[in-house]
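Undergrad: Those protein sequence lines, which keep their order, are chains X and F.
For the first sequence, numbering that gives the first Met the number 0 begins at 0 and goes up steadily by one.
For the second sequence, numbering that gives the first Met the number 0 begins at 0 and goes up steadily by one.
No wet-lab data here; the hints were simulated from the structure.
Bear in mind that the values here come from a model prediction, so they are computed numbers and not experimental data.
Among these hints, one or two may not hold up.
The list cannot tell twin chains apart, which means a pair is met if one copy fits it or any two copies do.
Stated by the list, open to error - Simulated crosslink set (BS3-like; lysine-lysine; CA at most 27 Å straight-line): (1) Lys382 x Lys18; (2) Lys544 x Lys355; (3) Lys259 x Lys465; (4) Lys18 x Lys381; (5) Lys544 x Lys64; (6) Lys18 x Lys428; (7) Lys131 x Lys410; (8) Lys273 x Lys542; (9) Lys544 x Lys165; (10) Lys273 x Lys63; (11) Lys465 x Lys542; (12) Lys428 x Lys465.
Number of protein chains: 2
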Amino acid sequence: MNGLPYPSGTSYEYPLIIKKLFSATLNCHPSGTVTYRDRITYTYGTFRERVVRLAGALAALGVKKGDVVGIVDYNSHRFLEGFFAVPMMGAVFATFNWRLGSDEFAHTISHASPKVLLVHEDFLGRIRKIRKSLAGVEHLVLIRDSEHQARLPRSVAGEYESMLGKAPEGFDFADFDENTPATLYYTAGTTGLPKGVSFTHRQIVLQTLSLGIALSSYSSEMRFSSQDVFMPLIPMWSEHAWGMPYLATMLGAKQVYSGKYDTECLLKLFGTHKITFSVCVPTALHMILEHPLSMGLDFSSCKLIVTGARLPEKLARAALLRGIRVTSAFGLAEACPLVAMSHLKGDLDESVTEEKIRILGSAGLPAPLVEVGVVDTVGNFKKNDGLSQGQVVIRAPWLAREYHRDPRKTKDLWKHGWLYTGDIGFINKDGYLCITERVRSVIKSGGEWISHLKIENLVRKHKGVKDAAVVGVPNEVWGERPVVLVQISEEYAGVLDSAKLAEFMQTFVETGDLPKYALPDRYVIVDAIPKTGVQKIDMRVIKQKYGSMMESGD
Amino acid sequence: MNGLPYPSGTSYEYPLIIKKLFSATLNCHPSGTVTYRDRITYTYGTFRERVVRLAGALAALGVKKGDVVGIVDYNSHRFLEGFFAVPMMGAVFATFNWRLGSDEFAHTISHASPKVLLVHEDFLGRIRKIRKSLAGVEHLVLIRDSEHQARLPRSVAGEYESMLGKAPEGFDFADFDENTPATLYYTAGTTGLPKGVSFTHRQIVLQTLSLGIALSSYSSEMRFSSQDVFMPLIPMWSEHAWGMPYLATMLGAKQVYSGKYDTECLLKLFGTHKITFSVCVPTALHMILEHPLSMGLDFSSCKLIVTGARLPEKLARAALLRGIRVTSAFGLAEACPLVAMSHLKGDLDESVTEEKIRILGSAGLPAPLVEVGVVDTVGNFKKNDGLSQGQVVIRAPWLAREYHRDPRKTKDLWKHGWLYTGDIGFINKDGYLCITERVRSVIKSGGEWISHLKIENLVRKHKGVKDAAVVGVPNEVWGERPVVLVQISEEYAGVLDSAKLAEFMQTFVETGDLPKYALPDRYVIVDAIPKTGVQKIDMRVIKQKYGSMMESGD
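Next up, chain X with everything else stripped away, as it sits in the complex (with noise of 0.2 Å):
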């Protein structure tokens, strides 16, 4: 021990890094597990190793304090081993959504520049097709999955497992402010480009403490402790999985993480593994009480955090009724994306009641320093009476301080020192939050935000559409599901009918343009789109109008 920085009488100045997440853990939980698929199960005593190499490996490759190190893989112990090797060499670890389409996907890589991209075998193709507007990548280090050990294509660097193999043993892992940036991610919002969102040490950290308060410190039946069994159903490229695998990290819990999403594989796992704990979004909930494979699983034990988009409460109703804990919780991406969690106060006891399905779909009581208001659109604050409407804005430790690179995009975000969410509600006198409507809202349909603009946009590139709006129609398994209404031009009048349009818009599924789930339901041919008197789209009058037939089915 070297005494030179710190002469006696001196204070340790402790910062607010992830690091200090890894470390505590390491030395109380040699017990802990990290498991991925059906392939691999090691213990924290591997994983801190395997941190320490991977950091080396990345090193060796060039990475410095506030490069950016990406990743497009599935759910993984690589992700894990990201979380915490890249922050905590001082460099960025950047997540990217493989389900967006080609342009955005492009996007986000490119807008984030990393120096290293960690790619699964199975987006290797996609990447080489945009390898030319990835400038900034320098390396690509390849994921596999698959045992063969086939040649190395020549764009890549080298292989992640092999890499860590030949990787030193060691790695200083120094101290530095708790203000550099540890991670970045890409939220796809309403209109046009994905925006990145950076977050740093301190708020992760802060953000981990605060979630593993909100998930063990409310309400009786929900609780995450270092006994629990994690597994996300939920990609960890968003939001960091929900900043679980941190808390998990930090507790020394057991983590699975399920690779490809399959929901037979994930049943499995839930039952090889007793998993414990989740975090899904409705849909995914929805898909596995419905499953044949659910029926012979014992649930009794299991918790599960419903995000992304309202609980139904039809599907409250029936995890509880099949021994599911489940507790609503709000996040945004911009928000790290802890905000609020459904807990239940006080007696609500263990039957199944109309005020505490109620309660479990509200967005929730604010996390630990967290502060949320509801304003009106000049900003003054509305009373927290349970009727009074609004905005919702958030102040918290770990918001995004901006959109990265973006700072005409920043100013809509944040407003009189608030983070303006974009979501409409009230606040009741006992603080639960409940979200209404969004703003411009965007189509929530199975966790995924389907932007109406991009649709539109598509849409409107028939030369027969004159005009067009996408409205999101209630859907009891999606949430939301997207429908298009359609003005045709004069020349196509009787020409093009509703069959001819989804025959269109499925090429741009086929060109990577437009992601799978993002495909309308319906399109419905109308004389004209009503619009405002400033030549907005007019949902009121379009949901009077033509409401029925937008829910009508095929």
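Chain X is already provided as a structure; the job is to place chain F on it using the hints.
TA: Only chain F this time, still in chain X's reference frame:
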């Protein structure tokens, strides 16, 4: 809402200040209550009003940012109000141990130099006696429990309740730097005068979050949640009552404060308010379990943090058999005080096993963000093998940066960037810390620390005493009790005996120089005090030679 300080696009820089713990709660937990003895119960709504009024009343007395406000009181809602109102003004809340002897008591107040001192009527006489040495104290505010409205003494500026009644209903608690000092208390150490330790807003907020997780996210049996009813059995002037008032307030839990210590009253409060969570020293636990009134109480929903001294195995077993879930916690005054907690890992079931008892008696696992090591005399770290002993050193975001205005003693506290606890211990391979002894041991008796040096110095004041050594002797009830080895001078041989020495020492209790609990149990007359080569008292030889004499009862 004035948007001026925050133009659009400018994010809010969220400081970790105590106000944030306070404001988060009050919107969400209107049903939480604060109770003082059998005298008053009010809601969190009233609590907020009283905190605002207290700040206003103190401001009217001239308290400004950076000033110190002190309190001399029993455990009460006044402490709780002060813990929030004073730091939220930017001032420092100093809490004083009225059990100290007069000199130390006067020293602590004079050293802290509060501008305003809140004094319970029971202690006004003592304060008046030392008033001259408290030059910095501009105003005394009287705290009255008695109903009768006697005239206020001229020495006081006002009475607490009536000042709150007259204070304005609004107070602007501004944001400020999170590194602003918030609290100050004094630790009775091994040598000489008590030492002051001060903590910043950031430190208290971070410790509150870590404490919340330490209490709720590990073992199966211990959990503190918003649904608990909290009453401390340790004094609030020490270590913020283990930080629990901050955590309980943040979570909106019910809080009960018991006033003047009285086992019967405590037990009644336990029954009336169905206390589910407390913090105490082993002696208090022993007294409760032995008290006839406790036999009728149902402790089955009661969780107890035992701190201040090692939890004897016999006592742990007795508590478990009564249904009380006990957990040891290891803290230090210099650590605000959270260091570690003896969580049960994994599958230690509900039965009372030897393994369980052993773990409950250890110092435990470090709380989140706490780093613990044991080092040799030159600062090299030992292995966590359960065998290698060394001095326990710690790092955490909430450690005292220094002894208040005492750079000399600070040099022994901070070395090589680690806080040296003065405790000797080891860490086992599961990460559990076990404390074995003090480096320069003090006597821990009923949660109080008794200084060897202090007693030795007083004994030596007797003309007939040639030399003296104080030894801590194990005691079933108190943990340890002081016993004095005395070498009588030749002139007093046969004249001075144990009884006369006891009488002599009693006079120092009367004068207030020695706390009653520090009166030695026995005086053993010896030919010479065993010394080491460097003339230090040789405890090893003393224990070998006089062990049985010291332990034999009167």
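Undergrad: Starting from the hint list further up, note which numbers the structure goes against and sort them upward.
TA: 2, 3, 5, 7, 8, 9, 10 and 12
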